[in-house]
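Top line first, the protein sequences correspond to chains A and B.
Going left to right, the first sequence walks through residues 1 to 362 as the working numbering numbers them.
Going left to right, the second sequence walks through residues 1001 to 1362 as the working numbering numbers them.
Treat the hints with care, since some could be wrong.
[Said to hold, decoys possible] Not the full set, but computed from the structure, chain B residues with beta-carbon under 7 Å of chain A: (1) P1097; (2) F1101; (3) L1108; (4) F1111; (5) T1130; (6) P1133; (7) R1139; (8) S1198; (9) L1202; (10) L1206.
Just so you know, the hints here were simulated from the structure itself, not pulled from any lab data.
Quick caveat, the model's predicted, so the values are computed rather than measured.
Glycine included, each C-beta is placed from N, C-alpha and C at the ideal position.
Protein chains: 2
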Amino acid sequence: MELQKVLHMNGDGDYSYANNSSLQTNAILKTKSSIQESIAEIYCNNFPECFKFADLGCSSGPNTYLPTWEVIEALHSTCHSQNHKPPMLQVFLNDLPGNDFNSIFKLLPSFYETLKKEKGDEFGEYCFITAVPKSFYGRLFPSNSLHFIFSSFSVQWLSQVPKGLVNEYGVQLNKGNIYIAKTSPPGVHKAYLDQFESDFTLFLRLRAEELKPRGRMVLTLMGGNKYLNDMQELLAMAINDMVLEGLIEESKLDSYNLPIYPPYDEQEVRSIIEREGSFNIHQLETFHPAPAEGFDKDNKGLDTRGEIVASNIRAISDSLLASHFGESKIDDMFHRFSIKVAHYLETRSVESTCILITLIKK
Amino acid sequence: MELQKVLHMNGDGDYSYANNSSLQTNAILKTKSSIQESIAEIYCNNFPECFKFADLGCSSGPNTYLPTWEVIEALHSTCHSQNHKPPMLQVFLNDLPGNDFNSIFKLLPSFYETLKKEKGDEFGEYCFITAVPKSFYGRLFPSNSLHFIFSSFSVQWLSQVPKGLVNEYGVQLNKGNIYIAKTSPPGVHKAYLDQFESDFTLFLRLRAEELKPRGRMVLTLMGGNKYLNDMQELLAMAINDMVLEGLIEESKLDSYNLPIYPPYDEQEVRSIIEREGSFNIHQLETFHPAPAEGFDKDNKGLDTRGEIVASNIRAISDSLLASHFGESKIDDMFHRFSIKVAHYLETRSVESTCILITLIKK
Chain A
1 MELQKVLHMN GDGDYSYANN SSLQTNAILK TKSSIQESIA EIYCNNFPEC FKFADLGCSS
61 GPNTYLPTWE VIEALHSTCH SQNHKPPMLQ VFLNDLPGND FNSIFKLLPS FYETLKKEKG
121 DEFGEYCFIT AVPKSFYGRL FPSNSLHFIF SSFSVQWLSQ VPKGLVNEYG VQLNKGNIYI
181 AKTSPPGVHK AYLDQFESDF TLFLRLRAEE LKPRGRMVLT LMGGNKYLND MQELLAMAIN
241 DMVLEGLIEE SKLDSYNLPI YPPYDEQEVR SIIEREGSFN IHQLETFHPA PAEGFDKDNK
301 GLDTRGEIVA SNIRAISDSL LASHFGESKI DDMFHRFSIK VAHYLETRSV ESTCILITLI
361 KK
Chain B
1001 MELQKVLHMN GDGDYSYANN SSLQTNAILK TKSSIQESIA EIYCNNFPEC FKFADLGCSS
1061 GPNTYLPTWE VIEALHSTCH SQNHKPPMLQ VFLNDLPGND FNSIFKLLPS FYETLKKEKG
1121 DEFGEYCFIT AVPKSFYGRL FPSNSLHFIF SSFSVQWLSQ VPKGLVNEYG VQLNKGNIYI
1181 AKTSPPGVHK AYLDQFESDF TLFLRLRAEE LKPRGRMVLT LMGGNKYLND MQELLAMAIN
1241 DMVLEGLIEE SKLDSYNLPI YPPYDEQEVR SIIEREGSFN IHQLETFHPA PAEGFDKDNK
1301 GLDTRGEIVA SNIRAISDSL LASHFGESKI DDMFHRFSIK VAHYLETRSV ESTCILITLI
1361 KK
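Build the full structure now, drawing on both the sequences and the hints.
Put into structure tokens, the structure is as follows:
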């Protein structure tokens, strides 16, 4: 799958995911109580000697160890309240093979040191952090081997650009756009939804095989909102401008589509989970995390805010855009985009939508 | 532990471990029959649903997947001969956090593709390769969780520069040398041996905790030989020349010692294993792998052979030397060294020694 080789969050510098992921951090913090409840339930039903936890789509940056830390806190406080010695903990950090795991690993010695300092030498010695570089649209773990799975802002990524975006005659349906846009023909939304249904169903089936009975999964997904559509329309306009100036071929624009589908509402998610059938839905709610930096109406000028938002979008789609349009086009593209974003922010305020799901394996 | 942050095999380019590890490749191939026998024994005693295997000190290069491939071959042929469906396989590739895991992971998609092509889709889908970035002088895995451990050319690396090389008054014992040399005082060899005994004992105790009962471990270690001592003496001479020319401070040379101890003979290894007590020795033998490139008297001129050998040595100690003496000194150092090696090769032929051990957990 070509997409997997290309898709990874930016690892370094101004446009890095690490420096442009405040929204994600806010959302992970929001899931704290879901994680705590899940860990307590699993621990008290099993008293495992070794608790096995996977973070799918862990990315690379300061967020990477945050879910692991939440799990440690929850496990530690659950055991403490029961006067139990905490179990060993095996953590599996998963992302695509192109993710910058080296920079995660560089932080690991200081993570272990902090852990020993805060939770005691023994807990630090028996926490085993491992990496699993593979797409989560394939099996990642032995059957029946995990207690808990967490995934934040990853499952809205599709396994590929929706198949239905090219018709039987090889014609691109979504010409001039790069995502579901106001000018997209009706087949485009259906192609995206079909791909999401098929991918999310596969995801659930695979995870059900890997989880132990009554194992739990806490997921956050980007929810469908005007923000993403508007931003992608502005980016498409920037690319269109470059097509008109002869800097980018029109066919390049016509054949690019962002492989992401944030479900429109809870019902869309619920019906897929119920149809797949491996999980009971324990929690399914929509929330609005604190706005990403640049969206809050702070003291910064519009141009600066436009640049910040553009960097945010660039952090998640840089590798895809660069591989499709060529590395050399990207600075120009995002400069044009940031100007359009600044205009946009003059008149609009934006709210992000997230979907939080806790599932229990039947 | 500072050493762990610094020590890693070179990842890229002319001096990379990948391009300078023919000796290691030869030795891994030599262990093939030990791996095959171990896998067959373990499989037939347990019929595990998921076979769990760790490669400790996997490094980063074309060798990295070789032991995993040998294990797969062995598992596949064992199951085939019994008309069994092969079990799932979980592989843990271990090295220090500074190892270049990214470049290993880049090869993973094509490794999985090859696996599916050669061993069938199902085996490919149920082979789970993970990475464990941590020193093997600490616990790496949950208790009682592994069937088989392999480690090639790693266990001779010490956890630190031998403590005994600095006396109670803070005086360096091994002045002017960087390893056990003809001009080293007698305390130096003892300091190295003591550190090795302590490290290898710890290594055995930790692995015994992680292995399942009757689990097996196949290790190859560099054996003590004149080659390593001679090479390190030549490198010390090159550094000494730079001290005399004022390019390196004398105190820098005096305080550098290579943290490696290749056991002198089988008896040294046997007595540590027996004293530690967790394992039965199934196999303990010395062999001489085909010489590393540059040592074989081929058609290449002496200067070229000197450079090749210098690159071999550089691949394993570059990061340590650069961090101690400064990156800017290393090219000059190894240029001087390669000239000395070329002289050396005029009159000597060199044989490498390896120790091969198969252990069974009691």
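Right, here's what the structure says about each hint:
1. The criterion of a C-beta within 7 Å of any C-beta in chain A is met by B/P1097, whose closest approach is roughly 4 Å, and the hint holds.
2. This hint holds: B/F1101 has a C-beta 5 Å from the nearest C-beta of chain A, less than the 7 Å allowed.
3. The criterion of a C-beta within 7 Å of any C-beta in chain A is met by B/L1108, whose closest approach is roughly 5 Å, and the hint holds.
4. The beta carbon of B/F1111 is not positioned within 7 Å of any beta carbon in chain A (closest approach about 10 Å), and the interface hint is therefore violated.
5. At its closest, the beta carbon of B/T1130 sits 5 Å from a beta carbon of chain A; the interface hint therefore holds under the 7 Å criterion.
6. Residue-level restraint check for B/P1133 holds (minimum Cβ-Cβ distance to chain A is 4 Å; threshold 7 Å).
7. A least Cβ separation of about 6 Å between B/R1139 and chain A falls short of the 7 Å threshold, and the interface hint therefore holds.
8. Given hint, B/S1198 at the interface with chain A, is violated; its Cβ is 18 Å from that chain's nearest Cβ, farther than 7 Å.
9. The restraint placing B/L1202 at the interface with chain A is violated, with a minimum CB-CB distance near 13 Å, outside the 7 Å limit.
10. With a cut of 7 Å, the hint placing B/L1206 at the interface with chain A is violated, because the nearest CB-to-CB distance is about 10 Å.
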